[in-house]
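Asks: Sequence:
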Amino acid sequence: MVLSGGIGLVSLVLVVLHSNKYISGAFMWFWLSVYWWVCVVVCVVEFLGGFFGGFFGGLSYKMGYDGLSMFFIVLALLVTLVSFLSMAPSGGVLNAIGGRGLATSFILLGTLLVWFFIISSGIEFFICFELCVIPIFFLIGYWGSQRERIFSNYYFLFYSLMAPVPFLFLMISSVSRGMGTYFYTTHSGGWVASLGGEALGPWVVFGLVLGFLTKLPIYGFHIWLPKAHVDAPVGGSMVLAGVMLKMGSYGLMRLSVFEWVVASPVIMFIVGLGMWGFFVTSVLCLRLVDFKVIVAFSSVSHMSIAIVGVLSAVGWGVLGSFLVFLGHGFISPLLFYLGTLVYSRTGSRLVVGAGGTSILGGSFYVLLLLGFMMNFGFPPFLNFFGEVGIFYSVFTMGELYLVVVFLGFLFSGVYMMGLVVGMMHHGASYKFLSLRGLSMADWLLGVFMLACYVLLGLVTHMVCVS
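Letter 314 of the sequence shown, counting from 1, is numbered 314 in this note's numbering, and no numbers are missing.
It is worth saying that the hints were derived from the structure and are not from the lab.
Not one of these hints is a red herring.
Estimated spans, in silico, between C-beta atoms of each pair: (1) G362 to G418: 20 to 26 Å; (2) T104 to V414: 40 to 46 Å; (3) L286 to G362: 25 to 31 Å.
Every residue gets a Cβ at the ideal spot worked out from N, C-alpha and C, and that includes glycine.
Based on the sequences and whatever the hints tell you, model everything.
Replies: Rendered as structure tokens:
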């Protein structure tokens, strides 16, 4: 209840500071009240169900709600809220109709995400998984500023709608044979658990996880992500990186509890692809010059290595991947938001064009530096402990894997340091459109995301220790 009240109070301050004449006060209050009450219900239900029962403890029969769901729900609510608020000051974008449409898109997305993370019915799980594509499609297509956004939307729709089709076919086939409709609940077995008693080929397992691998996305299925990020508005990029990618990670974490899934030969291929993708994308980021594209490929890099921990069948690896998912859910949206603030003042997304942004003020420098440090996994932040857990799981696999992952971490740190030097300590750009520093609203929104990252990390530590 204290957490819910704090979320509501801080959100109220942010809403007031980001109020816009094109958005009615009643509509903003409705948006705030929805999130506040959902957070209250989430916290009450979680405490009644046994907060310290572990990630997979207390799983209910119909809703499939447990500690793992709680963390993803809180992440979805907070990131969706700050993503909406990040676009609220854009008076040129929000007209009388567009403002309501924007709020409606985020409300619909938030509702679908909450339902996705608490449902255990395979059919409803799949429906929510696919319907979440619709609000993002409109965010990119209607509020995106680039002319190529239509082409990016085609990529996004194709990968998001076609990749989960094998999952749907497997579910329909299993349900038709009387295996039940539940996806992962332990109380009723579920059709995924029933598949473990059959002799299934590796392609069946690959089809089962393909939709989640594409949503993450792992390297090789990531083509749609940089295009979508570049052409999406700031709120679309934030919610896409912070929440939409976590739908794939949530599905994989649910599947990882089934031994027959992680024991399949195709899983080792996916693990190897994740390691290789982590290394390749880290090296690729050294050659990129667009800040938004760099953050997008950084997401691919983090998700690729996190898959290794989830599918390693090692306890520390699974926990480490969960910490990486959670930390990335806050830090990546923060970096996209800070990148938009830089773009609004320099008129360029290029790292060279944004050189000398330290003259915008010390507060902006602190936010950007902390964002880079947390994204890199600098101790004692949450991502550091997550990467240590993943590193341990890789250590159990073999020395060759360890070398590849170590080089990936090395290049990841190099390009993050390059971003700091290029954007903050490089020669000042003469293309600055505005030299004004961060407003109080900009500062509070950035601090709010950092505070959520730290607080949720502390709560995660309490749960893990218990």
